[in-house]
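These are the residues of each chain, in order.
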Amino acid sequence: AQKVTQAQTEISVVEKEDVTLDCVYETRDTTYYLFWYKQPPSGELVFLIRRNSFDEQNEISGRYSWNFQKSTSSFNFTITASQVVDSAVYFCAWGDSSYKLIFGSGTRLLVRP
Amino acid sequence: SAVISQKPSRDICQRGTSLTIQCQVDSQVTMMFWYRQQPGQSLTLIATANQGSEATYESGFVIDKFPISRPNLTFSTLTVSNMSPEDSSIYLCSVVGSGANVLTFGAGSRLTVL
Chain A
6 AQKVTQAQTE ISVVEKEDVT LDCVYETRDT TYYLFWYKQP PSGELVFLIR
56 RNSFDEQNEI SGRYSWNFQK STSSFNFTIT ASQVVDSAVY FCAWGDSSYK
106 LIFGSGTRLL VRP
Chain B
9 SAVISQKPSR DICQRGTSLT IQCQVDSQVT MMFWYRQQPG QSLTLIATAN
59 QGSEATYESG FVIDKFPISR PNLTFSTLTV SNMSPEDSSI YLCSVVGSGA
109 NVLTFGAGSR LTVL
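One line per chain: the protein sequences are A and B, in this order.
Numbered according to this note's numbering, the first sequence terminates at residue 118, and the numbering increases by one at each position without gaps.
Numbered according to this note's numbering, the second sequence terminates at residue 122, and the numbering increases by one at each position without gaps.
Simulated from the structure, these hints should not be mistaken for laboratory data.
By construction, the Cβ of each residue, glycine as well, lies at the ideal position given by its N, Cα and C atoms.
A couple of the hints might just be wrong.
[Stated by the list, open to error] Think about it this way: if two alpha-carbon atoms lie no more than 25 Å apart in a straight line, the pair counts; the simulated DSS-like pairs of lysine-lysine are:
1. Lys105(A) <-> Lys73(B)
2. Lys21(A) <-> Lys105(A)
3. Lys15(B) <-> Lys73(B)
4. Lys75(A) <-> Lys21(A)
5. Lys15(B) <-> Lys105(A)
6. Lys75(A) <-> Lys105(A)
7. Lys8(A) <-> Lys105(A)
8. Lys21(A) <-> Lys43(A)
9. Lys15(B) <-> Lys43(A)
[Stated by the list, open to error] Footprint (simulated), chain A over chain B, 3 or more residues, beta carbon under 8 Å:
10. 69-80
11. 115-121
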């Protein structure tokens, strides 16, 4: 069965620090997708990125970057120069072609001024 | 991406009652799902809402407790039946749009059962 582990329950950083959120997944499937979502205090789930299993290229979007490594079954998320507005719970998720997602337990990020 | 409207956004309910949550999408979507997020927890898939047929439930969820309807490609309802305090959660509708490759979530319906 598939599983997503986010070992970091909560991370606290000072503004402008870089922070990496870890995500490790387990699957026997060869075709799958990995996602990151942000859930700010308002509660809405905001899509950040989708990566398919055949694309191991790292991706950068502004201050956000993602490192996908199949060899270690990891899909880590780094925020560079963190800001207070980045404070939220971040979820990593695994999905297949059915789009039924399995979520990790989430990492609560607190960015202090 | 699709815009999802969920109603109610929040409600306080009495034990033993039932509540129906509505999910309206601004465009036709191929797939619709219902998730539950218990307080301080992650999201768990309840079921896939199938247009014109019975929903497909995940392990641990049954139709009698969470009846779902999806009469067309833009609308679905989830009913939480015979509620108990353990049903206090955020219930989220999510969709995959035609030609899209992401799962979009509604803002959620926060239910508190007393």
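Verification of the supplied hints:
1. Lys105(A) <-> Lys73(B): holds, 20 Å
2. Lys21(A) <-> Lys105(A): violated, 35 Å
3. Lys15(B) <-> Lys73(B): Given pair Lys15(B), Lys73(B) holds - Cα atoms ~19 Å apart, limit 25 Å.
4. Lys75(A) <-> Lys21(A): Answer violated: Lys75(A) to Lys21(A) is near 30 Å, above 25 Å.
5. Lys15(B) <-> Lys105(A): Distance ~23 Å between Lys15(B) and Lys105(A) Cα, so the pair holds.
6. Lys75(A) <-> Lys105(A): holds, 21 Å
7. Lys8(A) <-> Lys105(A): With Cα atoms ~13 Å apart, Lys8(A) and Lys105(A) stay inside 25 Å; holds.
8. Lys21(A) <-> Lys43(A): Distance ~19 Å between Lys21(A) and Lys43(A) Cα, so the pair holds.
9. Lys15(B) <-> Lys43(A): holds, 22 Å
10. 69-80: Violated - the region 69-80 of chain B has 0 residues with a Cβ nearer than 8 Å to chain A, which falls short of three.
11. 115-121: With 3 residues in contact (Cβ-Cβ under 8 Å with chain A), the coverage given for the region 115-121 of chain B holds.
The structure is inconsistent with the numbered hints 2, 4, 10, although it conforms to all the rest.
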